[in-house]
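Engineer: Chain by chain, the residues:
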Amino acid sequence: MSGLPFHRRKSTRLAVRYAIAGLLVVIFCFPIYWLFIISFKTPEEIFAFPPVWYPESIQFDNYKVLFKDGDAVSVLNSLILASSSTLIAMVLGTIAAYSLVRFKTGGENLAVWIISQRMMPPVAIVFPVFLLYVFFGWVDTYFGLILLYTAFALPYVIWMMRGYIEDIPLELEESALVDGCTRWEVLWKVVFPMARSGLFATAVFTFVFSWNEFLFALVLTRTEVMTYTVQVTHYFGGQSNFWAKIAAMSVLGTIPVFIAVATMQRYLVRGISMGAVKG
Amino acid sequence: MQAGLPNPVPIRRCNVKACPSLRGGQAWPKKARMTAALRPDRNFKYWLLAPAIFLLLLVGLFPLIYSLIVSFMRIDMMDVDTSFAGLYNYANLFEDKRLWQSLGHTLLITAIALPLELVLGLAMAYLFLEKMPGRQIFIALLVLPTIISPIVAGATWRLLFDNRYGPINQILGWIWGEPVTALWTINPYLVYPALLICEVWQWTPFMFLILLAALSNVDKSQTEAAELDGAGFFRTFRRIVLPAIWPVMAIAILIRGLDLFRMFDIVWALTKGGPGTMTETISVYAYNQGFKQFETSYTAAIAFLVVFLLTVVVTWAIRRMGLAK
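If you read the protein sequences in the order shown, they are chains C and L. Residue 1 is where the first sequence starts when you use the working numbering, and the numbers rise one by one after that. Residue 1 is where the second sequence starts when you use the working numbering, and the numbers rise one by one after that.
Hints are not guaranteed to be accurate.
[To be verified] To give an idea of the chain C side of the interface with chain L (calculated C-beta under 8 Å), a few residues:
hint : residue
1    : Leu-87
2    : Met-119
3    : Phe-136
4    : Gly-137
5    : Val-139
6    : Ile-158
7    : Val-186
8    : Val-190
9    : Val-219
10   : Ile-255
11   : Pro-256
12   : Val-257
13   : Ile-259
14   : Val-269
[As the list claims (entries may be wrong)] Listed next, the in silico DSS-like pairs over lysine-lysine satisfying Cα-Cα at most 27 Å (straight line):
hint : chain 1 : residue 1 : chain 2 : residue 2
15   : C       : Lys-10    : L       : Lys-220
16   : C       : Lys-68    : C       : Lys-189
17   : L       : Lys-220   : C       : Lys-245
Keep in mind the hints are simulated off the structure, nothing from the lab. All values derive from a computational prediction rather than experimental measurement. Where a beta carbon is used, it is the ideal one built from N, C-alpha and C, also for glycine.
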């Protein structure tokens, strides 16, 4: 043993760090645990007093109800909206970012204007967008919401992809041009494959943002394309007997996000900080 | 043409100037090389940008201009008066007590939540800065709250805060020694703590993650040298670490500050602005005016107030934080 006093020893410090880390995990994960556990509880267990901390047995009745009532369709709607808008935003955003990086189109001003669109408070545009959508008959349609989510994702995609495209060596594109590729072919055959990892990372976060969006889904959907976030709030209506539904629907809506982010662990930092830290 | 020499092969779509290799491999300055390479189809760069710009204008700028026009009219549920009403709606803003209260609520939440998230996030980042076995798993678990939907976060805390069937009161009861039946989302004294707990729970991991990445990039030899010279932890932090992580930290503060200012989802899921209008944020208030009261013109005026305030604050913050290049 070293001569250091107890509290300066490396092993003590490590133990303390583990203890604090464990405590933090408990604090931050307990609410999620509680949400999951309620979704597996029977009504008697949910409304037991004092509350029970784990169900006697795992049962899926709360989920079955959602599928039988057709409420689970809202998760499918979220999936359609989030994945289509992500796909479109990735293509449009990447080519726009390419233009900004390689040709300096519009200079720094255009880039700043684009990112400033991300700063726009949604509440400032939600009402005019609603009126616009009523006028065009886009309320409660897939098209309308995909259009909207694509536009919301674009500043983020352009901003992120700018960073990734800057890392692609110019020589590759030049040699492709020399070999007789058209400019579109260069984009498709060189830029997109080279920026692959950046594309995936950005896509995951774009997907998560669209997936979690609430305000515009609340305003612009009725029945046909209602997303899961709106569906969850429909159960809030005062009575507590909808608890099982709140929990089960939330879990259904949360699992895809967990899967998406788990597969993209190593891009987490760069994605979440909008590229402020190159991770 | 001389016999014996091959016919010159036309090089397709290749600008000789653009290819240093064809000109004996001499390196061209980057800028000149690029502009030369662009000459063939000049409009290409605009075609690339066009769809994105069009969409941004359609859902960003167009509604804003529409709002601006409407805010000078008098359209509400009863009446559609499209004649020019001057600053009528804007004048009303100043007499609207509920509006300024909601602005106050928003600022209150931001002023408490943002420093809390920053300090807690920083402390957590320091905890995980040194390597330890299983670090990645801890980080992955801690980040979960940030990636779930704010609506789900609000719903979850609604269940946790329930006065009878929620575990929070149960745990407090163990500590207190007798049953606690606090009405977290109804009691005027508890509703802000409840909101703040939910907000801080969800977004501290966001700060943590960004600050951890920023701290990992700090040059270790500098901090070690400072400590050898006898500088304490706080002195080292202020003089060496903080300047190094500031650019990233400033952006994190900016992103969170903006999100807090337009906070809607968590409030909607947890209190819906209640009890009464006690926790109404500016976003919730504008939503109510627009979609419950159908005060079209007035809502547009509120929207412009918000845009104006945000622009002022963000411009000031960017200057102040030294983010402007």
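Engineer: Going through the numbered hints above, which ones does this structure break? Give me the numbers in ascending order.
Structural biologist: 1, 3, 4, 5, 7, 8, 10, 11, 13, 16, 17
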